[in-house]
Amino acid sequence: MSKPNIELINGNESIARGAMAANCKYYFGYPITPQNEIPEYLSRHLPAVGGTFIQAESEIASINMLLGAGATGARAMTSSSSPGISLKQEGISYMAGSEIPGVIVNMSRSGPGLGGISPSQGDYFQATRGGGHGDYRVIVLAPFSVQENYDLTMKAFDLSDKYRNPVLVLGDALLGQMKEPVTLHPYEPREFDKPWTLTGAKGRKSRFLKSLYLNEGDLTKHNWKLFQKYQQMKAEIEYQTYLVEDADLVVVSFGSVARIIKSSINMAREQGMKVGLFRPITLYPYPEEPLRQLSTKIQHFFVVELNTGQMVEDVKLSVDKGAQVDFYGRPPGSIPTPNELFEEIKKVYR
Amino acid sequence: MKQVFKRPKSLKDVPFHFCPGCHHGVIHRLVAECIDLYDLQEKTICAASVGCSVFMYDYFDVDVCESPHGRAAAVATGIKRARPENFVFTYQGDGDLAALGIAEGLHAANRGENITIIFVNNTVYGMTGGQMAPTTMLGQTTTTSPFGRDFHREGYPIRMAELMTMLGGTTFSARVAVNTPKNLMQAKKVLKKAFEVQIQNQGFSFVEFLSSCPTNWKMTPEKANQRVQDEMIPYFPLGIYKDSE
Ligand SMILES: Cc1ncc(C[n+]2csc(CCOP(=O)(O)OP(=O)(O)O)c2C)c(N)n1
Ligand code: SF4
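So the sequence lines, in the order shown, correspond to chains A and B.
Going by our numbering, the first sequence opens with residue 1, and the numbers climb by one from there.
Going by our numbering, the second sequence opens with residue 1, and the numbers climb by one from there.
Some clues are possibly wrong.
To be verified - One-sided excerpt, in silico: chain A residues whose CB lies under 7 Å from chain B:
no., residue
1, Ala61
2, Ser98
3, Tyr213
4, Asn339
Claimed, not checked - With beta-carbon atoms standing in for the labels, derived distance ranges:
no., chain 1, residue 1, chain 2, residue 2, range
5, A, Glu238, B, Ser244, 24 to 34 Å
6, B, Tyr156, A, Arg44, 39 to 49 Å
7, A, Arg129, B, Met219, 30 to 40 Å
8, A, Gln231, B, Ser244, 46 to 56 Å
9, A, Thr183, B, Glu245, 18 to 28 Å
10, A, Gln231, B, Thr220, 46 to 56 Å
11, B, Glu231, A, Asn223, 23 to 33 Å
12, A, Ala48, B, Gly129, 46 to 56 Å
These are computed hints drawn from the structure, not numbers from a lab.
Where is the CB? At the ideal position from N, CA and C, for every residue including glycine.
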């Protein structure tokens, strides 16, 4: 057997390489820190595989280029960071409404406004609640390591094709900038029938992709159809647990902060405190049911986020009525250390 | 008897929703004739826009992709880059191209995207009820320039066909009108050239159509035609502004 291909790379490069491994051929973007290594890598490497890299004039243009490429059935991606994602929201809404696939990466930073370039989880609501206008959803994948940046980006392309829906990879400045060894798995191609793509009406009837439905009742029907699809996405729910079997307290965290708090949980364990971790990997659809199941056995949860309280709402909606949900939030602008979070665990642990 | 006039193959057999005297229908027809002429029906993908032309997929019998307001040139870029073998055009109003979409339009031109933009300038936002557009003429009253457009307040009407010529990536830029049979014949000739530029992979082509909007201009179709002649053409002169094929 050949040796696995392991390289030490940074988080952004890992995303770019995951995309290329998944046969992404088109990238459209506009520079913003802290995700610039993604476009930089793809600008160097896409041409060699017959792909196209365009540095667009804006985030708005790049999401709409993605819409156009996606409409032809091509595998395409855009990436940005928080303010840029805000600009892409209209396009994402149109893609969801017209059922056009495409992968969107948000290596988020701190806001609101220009904010700062430090890691933050302040875009959780924007990512999981639609963000743009209308009643739509996108699948949201939240990696917590450079390896998962690679694996989940690859997966994002499959899910996007499978559901004809945009898929968002939500990382942050920390996950974009840190370096780790990554096993660069080859992509195992998944074939998706695409009887809807725009390729020119040769030998078939002409097609259109649209989100406009003006006749009485038509839009309602369309939205019900989309809703059914969002329900089916629940099959993709992914999460990870760590030391929950005997736990008295379960920390719920995602992304970079879940990574940090794993160390804090180890510290707690060393002191005999029975603390575990529940880490959602799909933020939409949210792993409601597994969390509810867990809450019938363990009644105390501690949500920790790099914001002032967003995912905590989903946790409260998921857990058993009797369960207690404590929260610690760190507003954007600084990153908690494992020691600091251990102190926070001590405060709530009974 | 020999049939001398018939519906273009690439136009579906359904009545237009456009108001009486609106030029959108004529322009649709000219575009469809060119699609037929170059046998492009099976190769074409259109990036539609919002505005009165939003229902293009009901009329053109070609593949059509909806675009958000102003973004058709970016959508067309994505389509064309992914499928260079297809014929790709956008169909945009003045609100669409010259307001929200001015960056997308100019940058697509500047990159020399091998696409064609059909730009319909009726000096007004038609679909939303006659508000001021970037092309609204000085002195023209609209629902949001009730005292007449004044350059001190609202700036000048933008001349897109000329603006496009400034960009290195533009291969072809022209302005035409369809208010008289003569202008219409000329428009068809110019449109054919724009199509040929793309078909021969020569880069970005742009055709601005001066168009009427009798409804929002509050004029009869005849008066509206006359306005194109008397007011629009002097400020927006017809002609080929750039042809570097
Ligand atoms: C983001 C956004 N802003 C505003 C609108 C509303 N809107 C729809 S059509 C239109 C004006 C279209 O005018 P124009 O492009 O000149 O086309 P016409 O109707 O005159 O043919 C506007 C402002 C929209 N659909 N989307
Ligand atoms: S509102 Fe104006 S542009 Fe729209 S269809 Fe009527 S006449 Fe034509």
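Problem set entry | Which numbered hints fail | 3, 4, 5, 7, 9 and 11
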